[in-house]
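Enquirer: Below are the chains, spelled out letter by letter.
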Amino acid sequence: MPFRLAFLALLRHPARTMLALLGIAVSAALLLDMVMLSSGMRENFQGFLLLRGYQLRVAPKGTLPFDSEATIDSAATLVRRIQQLPGVSAVSPVLGAQSQASAGDSTITAFTLGIDPAVQGDYELLGGHDIADSVQLVVNASWLSATQRRVGDSVSLAVGYDPQLRTVLGQRTFVVSGMARFYYTATTQPTVAMRLPVLQAMGGSTRRDRVSLLMVKAAPGADAERVRSSIQQVSARVSAISLEGATAQVEQRLAYFRQLALVLGSISLAVGVLLVTTLITIGVNERAGEIAVLRAIGVAKRSIVWQVVTEGLVLSGLGALSGLAIGLVTAQWLERILADFPGMPATFRFFVFQPRDAGIALGMLAVAGVLAGIYPSWRAASLPIAGTLRREAVA
Amino acid sequence: MSALVQVRDLAREYTMGRGAVHALRGVSFDVEQGEWVAIVGPSGCGKSTLLNLLGAVDTPAAGSLTIAGERIDRLGDAAATSFRLRRIGFVFQRFYLMPALSAAENVELPMAEARVPREERRSRVAELLGYVGLGGRAGHRPSQLSGGEQQRVAIARALANRPALLLADEPTGELDAATGLEMIDLFRRLNRDGTTIIVVTHDAQMAAAAARRIQMRDGAIVPEASA
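If you're matching them up, the sequences are chains P and H in order. Note that the first sequence ends on residue 395 in the numbering used here; no numbers are left out. Note that the second sequence ends on residue 1227 in the numbering used here; no numbers are left out.
To be clear, the hints were calculated from the coordinates, so they are not data collected in a lab. Hints are not guaranteed to be accurate.
[As the list claims (entries may be wrong)] Cβ-to-Cβ under 7 angstroms is the rule here; a few derived chain H residues that face chain P:
| hint | residue |
| --- | --- |
| 1 | VAL1057 |
| 2 | ASP1058 |
| 3 | THR1081 |
| 4 | ARG1084 |
| 5 | LEU1085 |
| 6 | PHE1090 |
| 7 | TYR1096 |
| 8 | ALA1100 |
| 9 | SER1102 |
| 10 | PRO1110 |
| 11 | ASP1176 |
Every residue gets a Cβ at the ideal spot worked out from N, C-alpha and C, and that includes glycine.
Could you put together the complete structure from these sequences and hints?
Expert: Take a look at the structure:
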């Protein structure tokens, strides 16, 4: 009966209940988005790094991959030595540079990757075919659009352009063999991939036998952390970073962002609690006479408390479910805005829906619903029966 | 055999500002099983305070109060609540039915609280609504019932858990004269069927219908002639 009375109490003022539900739904949506954003970035970052199963990154000592212009020298030897380590399944060397291609009267600058097509972990081929020889390139849609070229076209690429001297270190003609989606560059960033030795040769002596990073895949069953430790012992010139290490570093950099998400989420939760508390307290005040009568005819305090807490739970529960839907729609909308942020990798997602996140948000709102019901239920249960009935009679 | 209700030297004070108001002063009386007693007197004489004490919704400052062999002036909140649920039936001047519940659900409410099995509840509701003449109005909400009908539902609710004592506070106060007379007839029938009733009333006809009147003034019982 307390549950039925709780539902009926909420249905007594449908407009007020609907407005309250809407308010809680908005609050719940914000909370869900903040939880999705806060944990989603970390989870997604791990998935982002693991797209091709490379758990480890080897970068010049003290840097993050592509964090600086620093490169690793004597790369071929290092790759060979790492390949021979127990537990290593594959090593993918990557060199990053800028290349220029002409497009009519303008020059298009592209982020250029030197890779080993057999073990590359940087792109997914969408059309054409992969790089088969030294004159072939794989590019992204943004590059094709900017240079107004198509798969199969020839193009002259220059590397090591010096704007002061107007000279380049190397220039060659390539054939665009395929179009790809690059995982770690922005969709809007023109990007090109070619064989690593070709890019090294085009860079002249400054790039010879150098790479920007190595991506290392541990063999199935091998302990990635142990492999990382072995790599670290192979060379003191490099930092081997595991997925966990990279995540920790990124988390450190995103700490302020996560704190902000936490604060905003907490505020939205507090607003939800206050909203429900206020609404139920108003309802309890309006029904003081009825509650006193219920107590007078023998309804126990705990039944009154249950009734009022149930009102809070029903409001929070229905609001949370509506908020779940609103939160998911809002997250998609915000994701589209953030995806257009300059330099954002195409595959990176800020909002990752996980049932666990929804569970956390719903759980927090359920707790909030109970908390919101505590004050009004205490107020309802402690109404002086005789005094309240007397006041009601006078009123 | 002892009386169903034994009131001894009952006192109740209220604090108002810096002073104390003596709402009841040394009230003593007995009510026998099956008796119908009307408590009468001018407004503010302590009638409702006495009824609240009899109904265990208030506690006395002094004196003792025994109903059906149980000292209720010493009960804690939980025990008093349980006592009200099982041993007392309350009828209020303004009916105080739950507006969102049907007549049947209002009558069922105290039985649900007392954990009476559903089937038993349903059959008791039908019996009680039939008794008060509302067998055909079980599904109606209070807003769909007249004042007299609402008070009948309130009486059925008060009888739901077969209380030892029915307490009524101005039960005809909100009713027109004709409906008030119907209510007096219903109380008469209830009493004839064995219900012990204590009614607080200003209604002369209701008071006259009771087997005995207790006259109060200034918080004390006075002889009827001196009223």
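Enquirer: Against this structure, judge whether each hint is valid.
Expert: Checked hints:
Checking H:VAL1057 against chain P: minimum C-beta separation of about 4 angstroms stays under 7 angstroms; hint holds. Look at H:ASP1058: its Cβ gets to within about 4 angstroms of chain P, closer than 7 angstroms, so that hint holds up. For H:THR1081, the shortest C-beta to C-beta distance to chain P is roughly 5 angstroms, which falls under 7 angstroms, so the interface hint holds. Interface hint at H:ARG1084: satisfied, since its Cβ lies 4 angstroms from the closest Cβ of chain P, which is below the 7 angstroms cut-off.
Evaluation of the H:LEU1085 hint against chain P yields a held restraint, the C-beta minimum of about 3 angstroms falling below 7 angstroms. Interface restraint check: H:PHE1090 against chain P, minimum CB-CB distance 5 angstroms, threshold 7 angstroms, status holds. Hint on H:TYR1096 holds. Least Cβ distance to chain P is approximately 4 angstroms, under the 7 angstroms limit. The closest approach between the C-beta of H:ALA1100 and any C-beta of chain P is roughly 4 angstroms, which is under the 7 angstroms cut-off, so the hint is satisfied.
Restraint check, H:SER1102 versus chain P: the minimum CB separation of about 11 angstroms is more than 7 angstroms; hint violated. Against a cut-off of 7 angstroms between C-beta atoms, the interface hint on H:PRO1110 holds, since the closest Cβ of chain P lies about 5 angstroms away. Hint status for H:ASP1176: violated, given a least beta-carbon distance of 19 angstroms to chain P, over 7 angstroms.
Comparing the model with each numbered hint stated earlier shows that hints 9, 11 do not hold.
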